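Undergrad: Next come the chains, spelled out residue by residue.
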Amino acid sequence: MTCIEAHGLRKAFGTTVALDGLNLKVNEGRILGLIGPNGAGKSTALNAILGLTPFEGELRVLGRNPWIERDQLMRDVCFIADVAVLPRWMRVSQVLEYVTGVHPRFDRSKAESFLARTEIKRASKIRQLSKGMVAQLHLALVMAIDARLLVLDEPTLGLDLLYRKQFYDSLLNDYFDHNRTIIVTTHQVEEIQDVLTDLMFINHGRIVLECSMEQFETRYVEVMVHPDHLTAAEALKPIHARHMFGRSILLFDSPSREELEGLGEIRTPSIADLFVAVMALAPQTGGGKLELGGERRN
Amino acid sequence: MNTESNLAEAVDARPSAPLTLSATWPFYWSVRRELWENRSIYMAPLIAAGVVLFGFGMTAFRLPKLRLNALALEATRRRAAIEMPYDAAAMMIMFTAFIVGIFYCLDALYGERRDRSVLFWKSLPVSDRTTVLSKVFVPLVILPTLTFAITIVTQLSMLLLSTAVLLPSGLAGTTWNLLPWPRLSMILLYGLVTSALWEAPIFGWLLLVSSWAKRATFLWAVLPWLAISAIEKLAFDTTFLIRMLVGRLTGGFDAGFIVVNYPEGAHVPVVCRLTQFDPLKFLSSPGLWIGLLVAAAFLIGAIRLRRCRGPL
Chain A
224 MTCIEAHGLR KAFGTTVALD GLNLKVNEGR ILGLIGPNGA GKSTALNAIL
274 GLTPFEGELR VLGRNPWIER DQLMRDVCFI ADVAVLPRWM RVSQVLEYVT
324 GVHPRFDRSK AESFLARTEI KRASKIRQLS KGMVAQLHLA LVMAIDARLL
374 VLDEPTLGLD LLYRKQFYDS LLNDYFDHNR TIIVTTHQVE EIQDVLTDLM
424 FINHGRIVLE CSMEQFETRY VEVMVHPDHL TAAEALKPIH ARHMFGRSIL
474 LFDSPSREEL EGLGEIRTPS IADLFVAVMA LAPQTGGGKL ELGGERRN
Chain B
71 MNTESNLAEA VDARPSAPLT LSATWPFYWS VRRELWENRS IYMAPLIAAG
121 VVLFGFGMTA FRLPKLRLNA LALEATRRRA AIEMPYDAAA MMIMFTAFIV
171 GIFYCLDALY GERRDRSVLF WKSLPVSDRT TVLSKVFVPL VILPTLTFAI
221 TIVTQLSMLL LSTAVLLPSG LAGTTWNLLP WPRLSMILLY GLVTSALWEA
271 PIFGWLLLVS SWAKRATFLW AVLPWLAISA IEKLAFDTTF LIRMLVGRLT
321 GGFDAGFIVV NYPEGAHVPV VCRLTQFDPL KFLSSPGLWI GLLVAAAFLI
371 GAIRLRRCRG PL
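Quick note, the sequences are listed as chains A and B, same order.
First residue of the first sequence: 224, per the numbering used here; consecutive thereafter.
First residue of the second sequence: 71, per the numbering used here; consecutive thereafter.
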């Protein structure tokens, strides 16, 4: 089932075009990483999906228009915009009471049991909690809501390594199932590489790459080329080349593996490496879209 | 407002949607949330009442002498003299609540954007309309109700205190005989209701500014009116706007009561003149309905702006 569908989504702030006719389709039961440089339109796209900003074009989230039906949509959609948005004056117990009072799909006992694993005290005010604890609290709230779409915009920004690891572990183990959809944006791509099922790169308000993680792993190959084979390797048209410790690391899109054998050490690239390669390829004016995983595109 | 309470059966359950829905009361909880965040809503009137009681207690030793003086006056002025501290207590608590309402409204939709918590509130299934209406509910319903309750308790305490002080001199009965306390309470209740309705556009305007301004909400709320008034005065040498504004701030009593005109020099306190309720005059005054329409327009504007505006 389709969770999010967008056609020709546009949004401009004055002369700055944030979304430039973005097309997007996200199916239910996926964990999508939306990756892009600063100012690429990620937050604008998420804000449009969450009904926080008006837009031009067509957008349906769980069958609803988010701008018109935000309050209805929020029964089925949860989001963590960033770690610091819980109201600082509120007590933990008040947050629990309030969300119980307004959210029809919130299971308070579930939230309490998540909180029982932390050191968060019910009587504490949010301003007294550490940044990591605020993130734990927000995650406990969100995981106790039986939502169908969860949007996480830089959810782990500024958290230490332990909290970050724990954050994604709880999300996968205690929350995710195939009726739910999760969208994550982050600059810490390495920590979500193993979490994602789908990957999307966004730049200049357009999707410049879209593939599932299975496609990602079969299509992209990185070879650490031995200097002797460099010319041969370059003849195979890598999409990107970089140098590390005197070795050339070439990134190929759908190469024939046999030809690469013997040129050097073969491995799957990291999302970050592919990201750098794709951003270098895409023309700065935008609109350059790599033809990948084409069956998902309209 | 409460039509937004969503009972499980009222929700359209799509096939794959989980069916565990619990009943919710978004409006009720939004109002409670306001009281959690803004403790000044009840603390400030309580403190004002405390100050009044303290002042009254400190001067209680003079009460027998003042009462003897008052009893020597002619009827109207005698009643005025005896009523005076009770009226002053009510006025002070009402004034405090009014000031609290002003600053509450200025911050209500601005504070949540400043501290980014608006992103949390908007992640919950509570509409912008419910949110804005729960905020205007505070100055229009919560504060008048609290003012009434706190004033009644304060005046009762003053009554008991004065009875205790006057008992040895045998004057205790005069308070009970001469102070029309139940009638004062009725005036208070009626006055609170009429002034809340009369002042609604003020609070609506403040909420609109609060939902729109990026900083300095107080200045944005006040300066444009002063500027336009000044221009009006300079350009046309009229004071229409400023008189309208003052009328909106203070005219609630005039609109709601028949104001008895005593002869010049009678020095009758304003509350004593408000002897007769006049709901018909109030309900038929165009000022009330124009004000309510303007308040509704301001609130609709605030709801729309709340929908568009993100964190600062």
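The hints are simulated quantities; they were obtained by calculation from the structure and are not laboratory data.
It should be emphasised that the depicted structure is a prediction, and the values quoted were computed from it without experimental measurement.
Positions of the beta carbon are idealized from the N, C-alpha and C atoms, including for glycine.
You may find that some hints are simply not true.
[Said to hold, decoys possible] Listed below are several chain B residues computed to face chain A (Cβ distance under 7 Å; list not exhaustive):
(1) W99
(2) F124
(3) M162
(4) P195
Undergrad: Confirm or reject each hint.
TA: Evaluated hints:
no.	hint	verdict
1	W99	holds (3 Å)
2	F124	violated (29 Å)
3	M162	violated (28 Å)
4	P195	holds (4 Å)
Checked against the numbered hints given earlier, this structure breaks hints 2 and 3; the rest are met.
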